[in-house]
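Asker: Sequence:
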Amino acid sequence: MSYPELCEWIKPLCRYRNFEDVFVVDHKPDRLNLKFFTKDHRYSVSAKYPEGAKPPLTYVMDGSTGTEVTGDRGHLGYLGCIAQTRKPRAGEDWNRGNDLADGIYHRGTWNNILNDIIAYELVKVVKPKMGEEDK
1 MSYPELCEWI
11 KPLCRYRNFE
21 DVFVVDHKPD
31 RLNLKFFTKD
41 HRYSVSAKYP
51 EGAKPPLTYV
61 MDGSTGTEVT
71 GDRGHLGYLG
81 CIAQTRKPRA
91 GEDWNRGNDL
101 ADGIYHRGTW
111 NNILNDIIAY
121 ELVKVVKPKM
131 GEEDK
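full-length UniProt numbering numbers the first residue of the sequence shown as 1 and each following residue consecutively.
What the hints contain is simulated information worked out from the structure, not anything from laboratory work. All values derive from a computational prediction rather than experimental measurement. The C-beta atom is built at its ideal place from N, Cα and C for all residues, glycine as well. Careful: at least some of the hints might be erroneous.
Pair by pair, the computed Cβ-Cβ distance ranges are [unchecked claim]: (1) N115 with V24: 21 to 27 Å; (2) R86 with K129: 31 to 37 Å; (3) D26 with P128: 43 to 49 Å; (4) P128 with P4: 47 to 53 Å; (5) P29 with G91: 39 to 45 Å; (6) V25 with R86: 38 to 44 Å; (7) D26 with E121: 22 to 28 Å; (8) G131 with Y78: 49 to 55 Å; (9) K129 with H27: 49 to 55 Å; (10) V25 with R107: 17 to 23 Å.
Model the full assembly from the supplied sequences, consistent with the hints where possible.
Answerer: In structure tokens form, the structure reads like this:
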């Protein structure tokens, strides 16, 4: 399986559209695993194509949930991400990590993953204290 939709979703993240410069790819017959790195974190994305589906995927609206689906959710594939620090904190001998968004193999799930990655990368801003001369 070639995962053409996921490749299209990923293209905007790759400078000059070169996947190999950004992603480490492990392609198995039933699953695609991608790894990419930032200065402090490693992200592992796992994708499973919907059972029996052939590209391009077409989705219909499920009126009860407002979610786009193609049928029984158990056969809609999978897309998920795990974040892990690249180095342990002082005094720890493990790398911390978190599960990020996951769900069916769908553009909406990919957008949720991207939002989680951005939130994971943001750092807290320290606001200066107001001194007497600043009042």
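Asker: Checking against the hints above, which ones are violated?
Answerer: 6
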